[in-house]
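Colleague: Below, each chain spelled out in residue letters.
There are 2 protein chains.
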Amino acid sequence: MEAKYKKIKRSIKSKILEGLIMPHEKISSESELMRQFNVSRHTVRLALGELVSEGWLYREQGAGTFCTDRTNRDQYQSQENPTKNIAIVTTYISEYIFPSIIRGAEAHLSKEGYHVSIFNTNNKYDQEKQILSKILAGNYDGIIIEPTNSASSNPNLRYYLNLERENIPYVMINASYEELEPVSFMMDDVKGGYLQTKHLIELGHQHIACIYKTDDAQGQKRLKGYIKAHRDLDILLNPKNIITYQTENELSTPIAGLKKLLNNKLDRPTAVVCYNDQLVLRLMDYLREEGLKIPEDLSFVGYDDSLLSAISEVKLTSVIHPKSRLGLDAAKAIISMIKKNDGIRSNRGISKLYEPELQIRQSTIRLNKNLAKVE
Amino acid sequence: MEAKYKKIKRSIKSKILEGLIMPHEKISSESELMRQFNVSRHTVRLALGELVSEGWLYREQGAGTFCTDRTNRDQYQSQENPTKNIAIVTTYISEYIFPSIIRGAEAHLSKEGYHVSIFNTNNKYDQEKQILSKILAGNYDGIIIEPTNSASSNPNLRYYLNLERENIPYVMINASYEELEPVSFMMDDVKGGYLQTKHLIELGHQHIACIYKTDDAQGQKRLKGYIKAHRDLDILLNPKNIITYQTENELSTPIAGLKKLLNNKLDRPTAVVCYNDQLVLRLMDYLREEGLKIPEDLSFVGYDDSLLSAISEVKLTSVIHPKSRLGLDAAKAIISMIKKNDGIRSNRGISKLYEPELQIRQSTIRLNKNLAKVE
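Chain order of the listed sequences is A and B.
Quick note on numbering: the first sequence equals residues 1 to 375 in the UniProt record's numbering.
Quick note on numbering: the second sequence equals residues 1 to 375 in the UniProt record's numbering.
Just so you know, these hints were derived from the structure itself, not from any lab.
Glycine included, each C-beta is placed from N, C-alpha and C at the ideal position.
All clues stand as given, with none of them false.
So the derived label-pair ranges between C-beta atoms look like this:
| hint | chain 1 | residue 1 | chain 2 | residue 2 | range |
| --- | --- | --- | --- | --- | --- |
| 1 | A | S14 | B | Q127 | 30 to 40 Å |
| 2 | A | S14 | B | Q359 | 37 to 47 Å |
| 3 | B | G49 | A | L353 | 56 to 66 Å |
| 4 | A | I360 | B | G138 | 41 to 51 Å |
| 5 | B | Q359 | A | K6 | 45 to 55 Å |
| 6 | B | Q127 | A | Q362 | 41 to 51 Å |
| 7 | A | Y286 | B | Q36 | 19 to 29 Å |
| 8 | B | K259 | A | A63 | 21 to 31 Å |
| 9 | B | D126 | A | G62 | 53 to 63 Å |
| 10 | B | Q127 | A | A256 | 18 to 28 Å |
Please model the entire structure based on the sequences and the hints provided.
Modeller: Spelled out as structure tokens, the structure:
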């Protein structure tokens, strides 16, 4: 069991990090803390003593205990610890296109003399909160972060605003929390979904399914592009061809949804656009078991142009993600923001929206109307 | 208990309405339905018989039972039933500014010979789904709808796309589901939140709390404006001054959050911007109990310039919502779309984004620095 005094320490630290206790604010009295945590005065004193000696709080004779102003820590820390630190936070680390993005950033940051720490949130707010706390408590000069669960309103916005108060610049990659209007490096995902769909329509497909993850803003935007392409090119959109899923169901919903569509006798889709290449590969396994061939039985368009797309048995047509270039641009931006030492506003101009392009490979085919009718 | 054959009918109808069974698609065989619902052949035949006689399904000798193509129903229905029907769907009906919006729309629609049906979703997806099913099953020429829970990805998008397939135009008011790029009538809510905050900063306030509902896009955008105003006017934003809440906690979270802020000794807010006037009035009750006065102890800016803002004991400074004008514009738009009988794309130009203005009344006051220091 956690010692009681540690629980008190953790609670006070976390309030400071979330900005709920501000610099020079007086904290609750010993008696209040005793009541709140149901502990002895000795335990409270132990907790406060450590927080003071660790620099989180300071005491003023006869007045009480106050929260330290940590905004000036750059000065004293640079003497103690001359290392320059950057945190890179992504939803996932070891998988898929994330290594390329991180590598792109890391190479440049190392060259510039920065030490890089890597974190991942697993696309969960709780973990994002813990990581932001760690970063705020630690000794970081800047953060490159991929938003977690970006399609919903983020409960951790206060941590980002606290980063700004503490003068720790951050840039966002792949998506952004709109309320913050951060410096960001992302693809034009509406355009990306549009390109995926338009390509298939131009190949003669009329019944095109889409499978998008919609707890991230990327998926929402790609879905918007998919709908838009149907409208612009005057193709009647069949609502049942839209399959959406959340991160926690990524292993079940897409396959179940596609299976159902393929069981239809009528208007069965002849092509599918996917949230990313990883999803296409997962579906390929299923199609193989069912004896269906790509692209003869079903065309597929992926997204991200990942390594997977070029090494899979059928090379994937996919939307090109800037990957390591995006990582590099984000790294350059964060260094420039650290050096300029201004707010977000004066830096907003360095944001980039990458124009997507389609890499055409073997997973899409011109629709042969005779073939499509054979059931 | 619901009769078994009714359950089968309901299930098939709901699939048709969601677009999961398409026009001219063959439905499951009698034996499949017997297995699926665990009922006798007699029960299945009873259900299918009624669905055929009600026009949902049709039979083809020797081939099976199929889904009726309802897109042409305008023709036969206009003979049977010459009434012109419009549905207005809002998150709430009887409360607050909704009556004005609805009245604005209703007056014009009646004049043009339309019958208006009013629905409300209580800001719940489930209820929205049921209402959209009813509308799709019914005899409506068009819909004016306020999106439910608009800050998240909507699970009912298929119903909207099915409306388009069935050639039933819809316009959205107050917010929009971005993926659909609908014709919409809404305020510039980023600007609105900006105006609320800027007004207070110009009155000398530096510690301004905000209390916004963030399950609706309106609240998210207002929060963005609040943050932006701080940055543009170079006021340090204190993260703990941001209070956000969801519809289900609207009675508890705002008061609890404000209470906590007012207990602070340091950097206690001198002003509050609120999601809407209704919220300000709820908080007024609490402040009265605590013996705090508006605006002397705390300035407040509301939103919507509702009737409440002018009749409350302290008249509220508030952002003007176009209310009945917005209703009227939406009504004109839906009629024009019904007459033109085109898709959304060709109509998108009729959307309106209303520029917010501030109505200054008595709930805000220039900050008297001496007063503010007295605690």
